[in-house]
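First residue of the sequence shown? That's 421 in the working numbering, and the numbers climb one at a time after it.
Bear in mind the hints are in silico, worked out from the structure with no lab data behind them. This one's a predicted model, so the numbers in the text were calculated from it and none came from an experiment. Warning: the hint list may mix true and false statements.
What the hints assert, rightly or not - Heads up, simulated SDA-like pairs for lysine to any residue below, C-alpha to C-alpha not over 20 angstroms straight-line:
hint, residue 1, residue 2
1, LYS454, HIS468
2, LYS426, CYS450
3, LYS472, PRO445
4, LYS472, ALA456
5, LYS426, ASN441
6, LYS470, GLU458
7, LYS426, ARG437
8, LYS470, CYS453
9, LYS470, HIS460
10, LYS454, LEU464
11, LYS425, LEU442
12, LYS454, ARG476
13, LYS470, LEU442
14, LYS472, CYS450
15, LYS470, TYR447
16, LYS470, ALA449
17, LYS472, PRO451
18, LYS472, PRO459
19, LYS454, ARG436
20, LYS454, GLU473
21, LYS470, ASN452
Claimed, not checked - Pair by pair, the computed Cβ-Cβ distance ranges are:
hint, residue 1, residue 2, range
22, ARG476, ARG433, 50 to 56 angstroms
23, GLU473, SER429, 53 to 59 angstroms
24, GLU458, LYS432, 32 to 38 angstroms
Think of the CB as a built atom: it goes at the ideal place given N, C-alpha and C, for glycine as much as any other residue.
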Amino acid sequence: MAVPKKRRSIRKRRQRRAQQNLVAPQYVACPNCKNAVEPHHVCLNCGHYKGKEIIRTGE
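Generate the whole structure from the sequences, applying the supplied hints.
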């Protein structure tokens, strides 16, 4: 089994764990229906992406 030769210091441990934070997803307004949508994703409300209808909805 692999075993570390030296113990990691508290500073190094904290530096490593500082990168493990969670980031809340960013949202933008859909230019067609003004609904909140993630960037580079199809709007689930109207089905548009980059000005084109990708998903046909019941509207």
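Each hint, compared with the structure:
no.	hint	in the structure
1	LYS454 with HIS468	holds (11 angstroms)
2	LYS426 with CYS450	violated (53 angstroms)
3	LYS472 with PRO445	violated (24 angstroms)
4	LYS472 with ALA456	holds (17 angstroms)
5	LYS426 with ASN441	violated (26 angstroms)
6	LYS470 with GLU458	holds (13 angstroms)
7	LYS426 with ARG437	holds (18 angstroms)
8	LYS470 with CYS453	holds (13 angstroms)
9	LYS470 with HIS460	holds (9 angstroms)
10	LYS454 with LEU464	holds (12 angstroms)
11	LYS425 with LEU442	violated (31 angstroms)
12	LYS454 with ARG476	holds (17 angstroms)
13	LYS470 with LEU442	violated (28 angstroms)
14	LYS472 with CYS450	holds (12 angstroms)
15	LYS470 with TYR447	holds (15 angstroms)
16	LYS470 with ALA449	holds (12 angstroms)
17	LYS472 with PRO451	holds (11 angstroms)
18	LYS472 with PRO459	holds (15 angstroms)
19	LYS454 with ARG436	violated (40 angstroms)
20	LYS454 with GLU473	holds (15 angstroms)
21	LYS470 with ASN452	holds (9 angstroms)
22	ARG476 with ARG433: 50 to 56 angstroms	holds (52 angstroms)
23	GLU473 with SER429: 53 to 59 angstroms	holds (57 angstroms)
24	GLU458 with LYS432: 32 to 38 angstroms	holds (35 angstroms)
When the structure is compared with the earlier hints, violations turn up for hints 2, 3, 5, 11, 13 and 19 and for no others.
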